[in-house]
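Asker: Residue numbers (my numbering), protein chains in the order written: chain P, -6 to 108; chain Z, 5 to 116.
Keep in mind the hints are simulated off the structure, nothing from the lab. Check the hints yourself; a few may be wrong.
Stated by the list, open to error - In silico lysine-lysine, BS3-like type, Cα no more than 27 Å apart, as pairs: (1) Lys108(Z) <-> Lys5(Z); (2) Lys72(Z) <-> Lys71(P); (3) Lys71(P) <-> Lys61(P); (4) Lys108(Z) <-> Lys46(Z); (5) Lys61(P) <-> Lys46(Z); (6) Lys17(P) <-> Lys61(P); (7) Lys17(P) <-> Lys71(P); (8) Lys72(Z) <-> Lys5(Z); (9) Lys46(Z) <-> Lys17(P); (10) Lys108(Z) <-> Lys72(Z); (11) Lys108(Z) <-> Lys71(P).
Treat the numbers as computed from the prediction; the structure is a model and nothing was measured.
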Amino acid sequence: DAGVIQSPRHEVTEMGQEVTLRCKPISGHDYLFWYRQTMMRGLELLIYFNNNVPIDDSGMPEDRFSAKMPNASFSTLKIQPSEPRDSAVYFCASSPQTGMGYEQYFGPGTRLTVT
Amino acid sequence: KQEVTQIPAALSVPEGENLVLNCSFTDSAIYNLQWFRQDPGKGLTSLLLIQSSQREQTSGRLNASLDKSSGRSTLYIAASQPGDSATYLCALSGGSNYKLTFGKGTLLTVNP
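If we strip away everything but chain P, and leave its shape as in the complex, we get (with noise of 0.2 Å):
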């Protein structure tokens, strides 16, 4: 397999624009997780998702962020409007299970840059 894919790896917008970050689970893997890392606060889980299903969104900042998975290949982070402070690395993982065995897969993750 050939791992988590995200698209694109780097994004620079304008504030005020709108951004689709996209990822593509691994094959066979129930979960899909949404991070964001930035200098100031590290890794943050944003929302996760079991069988194309958000469980858990408290994560999430503000309602200019959402987050869908139409399947179970396919899901997508958006921000609209965009603002500088939303400058971060966003990594998608996935994993086939949660719970004690099983561990996460990360992908390359997209750096966005909001001027």
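Chain P is fixed; fit chain Z onto it per the hints.
Answerer: Quick look at chain Z alone, frame taken from chain P:
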């Protein structure tokens, strides 16, 4: 709320040295603990996973331990090499929703 602390924030050692990275956490009700490696500008690579019922895991030159009673985990790297230079993060899964809580990492530099 689970809090994860990694000390030191940065560590520089000469090649060949054995070293220990530390991770402490506040809530011992965990399912598992993972150690990750992150290279600059890259994603996270899982190194070791210790289940709640286990005390340690080993992979090559790496050994991770878990002591839930004291809220501590260590990552031991034997015979360090310049290629080990990276940021090492520990993360814990626990609570009602299995989500991972990360420490802020230790930046390791191994000097040739």
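Asker: Are the Cα positions of Lys17(P) and Lys71(P) separated by 27 Å at most?
Answerer: Distance ~15 Å between Lys17(P) and Lys71(P) Cα, so the pair holds.
Asker: Given the hint that Lys72(Z) pairs with Lys5(Z), does the C-alpha gap stay at or below 27 Å?
Answerer: At roughly 16 Å apart (the allowed maximum being 27 Å), Lys5(Z) and Lys72(Z) satisfy the hint.
Asker: Is the hinted pair Lys61(P) and Lys46(Z) satisfied, with a Cα-Cα distance of at most 27 Å?
Answerer: Roughly 24 Å between the alpha carbons, so the hint for Lys61(P) and Lys46(Z) holds.
Asker: Checking one constraint from the list: CA of Lys71(P) to CA of Lys61(P), max 27 Å. Satisfied?
Answerer: At roughly 8 Å apart (the allowed maximum being 27 Å), Lys61(P) and Lys71(P) satisfy the hint.
Asker: Take a quick look at whether Lys108(Z) and Lys72(Z) sit within 27 Å of each other, Cα to Cα.
Answerer: 20 Å, holds
Asker: Is the hinted pair Lys108(Z) and Lys71(P) satisfied, with a Cα-Cα distance of at most 27 Å?
Answerer: 25 Å, holds
Asker: Take the C-alpha atoms of Lys108(Z) and Lys5(Z), compute the straight-line distance between them, and say whether it is at most 27 Å.
Answerer: 16 Å, holds
Asker: With a cut-off of 27 Å on the C-alpha distance, tell me whether Lys46(Z) and Lys17(P) pass.
Answerer: 17 Å, holds
Asker: Mind checking the alpha carbons of Lys108(Z) and Lys46(Z) for me, to see if they're no more than 27 Å apart?
Answerer: Status holds; Cα separation ~16 Å.
Asker: Lys17(P) and Lys61(P): Cα distance at most 27 Å?
Answerer: 12 Å, holds
Asker: Is Lys72(Z) close enough to Lys71(P), meaning Cα to Cα at most 27 Å?
Answerer: Violated, because 38 Å separates the two Cα atoms, which is more than 27 Å.
Hint compliance for this structure: hint 2 is the single one not met.
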